[in-house]
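Assemble the whole structure, with the sequences as input and the hints as a guide.
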Amino acid sequence: MYNLFIFIRKYNAVILFILLEVLCIVMIVQSLPYQSRKMANVSNSITGGVHKTTSNWHDYLHLKSENEALSEHNALLLKRLGCEEVEADAEYYDDIFTYIPARVVNNNIYEMNNYIVIDKGSIDGIEPDMGVICDKGVVGKVVNVSKHYASVMSMLNSYSIISCRFVDNQYVANVVWDNKNYRYGLVKDIPSHIVIKAGDTLVTSGFSNSFPADVMVGTIAEKGDADENMFSTAKLKFSTNFSTLRHVYVVKNNFKSEIDSLCITH
Amino acid sequence: MYNTLIRNILRFIVLLVVQVLVFDNLGFGTYIHPYVYVLFVLLLPFDTPRWRLLIYGFLLGIAVDIFNGTPGLNAAATVFLAFMRPYIIGITTRKSDIEDKNAPSVTEMGLQWFAIYALLLILLHNLVLFWLEAFSIKLLGLILAETLLSAPVTLLLIIIIIYIFKPVKK
Chain W
1 MYNLFIFIRK YNAVILFILL EVLCIVMIVQ SLPYQSRKMA NVSNSITGGV HKTTSNWHDY
61 LHLKSENEAL SEHNALLLKR LGCEEVEADA EYYDDIFTYI PARVVNNNIY EMNNYIVIDK
121 GSIDGIEPDM GVICDKGVVG KVVNVSKHYA SVMSMLNSYS IISCRFVDNQ YVANVVWDNK
181 NYRYGLVKDI PSHIVIKAGD TLVTSGFSNS FPADVMVGTI AEKGDADENM FSTAKLKFST
241 NFSTLRHVYV VKNNFKSEID SLCITH
Chain D
1 MYNTLIRNIL RFIVLLVVQV LVFDNLGFGT YIHPYVYVLF VLLLPFDTPR WRLLIYGFLL
61 GIAVDIFNGT PGLNAAATVF LAFMRPYIIG ITTRKSDIED KNAPSVTEMG LQWFAIYALL
121 LILLHNLVLF WLEAFSIKLL GLILAETLLS APVTLLLIII IIYIFKPVKK
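Just so you know, the protein sequences line up as chains W and D, in that order.
Residue numbering for the first sequence is 1 to 266, as defined by my numbering.
Residue numbering for the second sequence is 1 to 170, as defined by my numbering.
It is worth saying that the hints were derived from the structure and are not from the lab.
Everything numeric in this text was worked out from a predicted model, so none of it was measured.
The C-beta atom is built at its ideal place from N, Cα and C for all residues, glycine as well.
Just so you know, not all the hints are guaranteed correct.
Computed footprint of chain D on chain W; a stretch qualifies when at least three of its residues, placed anywhere within it, have a C-beta under 8 Å from a C-beta of chain D [unchecked claim]:
hint, region
1, 15 to 24
2, 47 to 55
3, 99 to 111
No farther apart than 35 Å at their CA atoms in a straight line, the calculated lysine-lysine pairs in the DSBU-like style are these [said to hold, decoys possible]:
hint, chain 1, residue 1, chain 2, residue 2
4, W, K237, W, K256
5, D, K95, W, K10
6, W, K10, D, K101
7, D, K166, W, K52
Here is the structure:
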C-alpha cells in the first residue's frame, strides 16, 4: 500500500497525463458518428451567440455582394413564376416540401469533417436529417438541433453521402468528398458502361426524404477510371461555393414521418 | 503573485478569443491550420508543477474544442504538448541556464532558443492533432504535410503575437 502511494506520488504527472488523454480519446471516439454529436448541442447554444455576433459584422461588410446575389435569385424566381407551362404534378409536388430560410453563422471548409451552424433551431421547426440547400445548389444535412441554432453537416465532410442523378441519362450515383478541396467532390458508384463527359450535370435524385428532386449538385470536372467492380468515379465541381455561403434554405419534408413509417414496415 | 495570475488569465482569454474568432476563420488553404493558442502553455513559468501544466493544457484545449465542435481533439493535442514541455526544456537547456530565469519567454531566453523550443513543441502538438483528426495511418502523407506546413506558420504567427504584446521597457 505504501509502495503504491510512493508510486503514485512519483509518477503523478504521468498518471494524470494518461487519464486526461484517455478522457480526450473517449470524447473523440464518442463524437465520431456524426449523429451522436451530443456535445454539439451544448456548444451550439453557448457558442452560437458568439458566432452570431461576428457573423453580424461579417454580413455588414458583405452587404453589397449579398444584395446582388439575392436580387439575382429573386430574378430567377420571378422568371420561374412567369412560366405558363406548369407540369401536371407540380402543384402537389410543392406541397411536399417547405423551405425555411436561415443564415449561416459559422462555416468551416478546411477541416476534414466540416460543419455549418445556422441561426434556426427547434423552435423554427428544424429537425435532424433535414436537407439544406442554397440558391446555387445542395449544401448538406442537419445533424444536430438546439433551441435557436442547428449544425449542418456540409457536403465537405467524410460522412456525407448525397444521392444524385445524371440529368442526361437519369443514372443514379453517390457524391462524397475526398478531403482535398472545397470546390471539388467525388462521384462514386457510376456504372462503368455509361458514358460520362466533363460538363455533365448532376442533380439530387429525390430518393432521400431530405431533398427534393432536381436540386443542382454540380458538374463533372474530370472523368476517373473504373475499378474492379465495374463502377467508375469522377471528379465533381460543386455548384455551391462553400466559402461564400451566407443564406441557405432548410428543406422540410411534410410527409417524412409517413414515408418513414412505410419504410419500417418493409 | 497576483500579477502573474491575472496576466495568465488574460493571456488565456485573449489567445482563446484570437484563435476562435480570427485564426479558425482565416483560410490559409487545405494544409495550413495555425493553432496559436498553444502559446499560453509555452509561456507558463518554469516552476509550474507538471500536473498543473497538464490541467491548464486540458482546459485551454477543451475551450477551443467547444467553439470548434470537435470534443477532445484540441484537448488531447494540448495535453500532449504540456506533457512533453519539461522534456523539451530539458534537452534544449542546461539546468544552470534556467535557475535564475522565470519563464521560457523571448525576453528571458532569447529569440533563437525560444524558436527552437516552440517549433519542437508545435510540431508534436500538430502531429497529434492532425493524426487524431484523420484517425487513420492511411492518410499519413496528408498528416505529415499538414504538420510540416502548419508548424512553421504557427511559429511565425506566435512570434508576431509576442512582439505585438511585448511590454514596453521603462
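Going down the list of hints, with the structure as the test:
1. 15 to 24: holds (count 6)
2. 47 to 55: Holds: 3 residues of the region 47 to 55 of chain W have a Cβ under 8 Å from chain D.
3. 99 to 111: It holds, with 4 qualifying residues against the three required.
4. K237/W / K256/W: holds (30 Å)
5. K95/D / K10/W: Measuring from Cα to Cα gives roughly 20 Å; hence the hint holds.
6. K10/W / K101/D: holds (25 Å)
7. K166/D / K52/W: Status holds; Cα separation ~32 Å.
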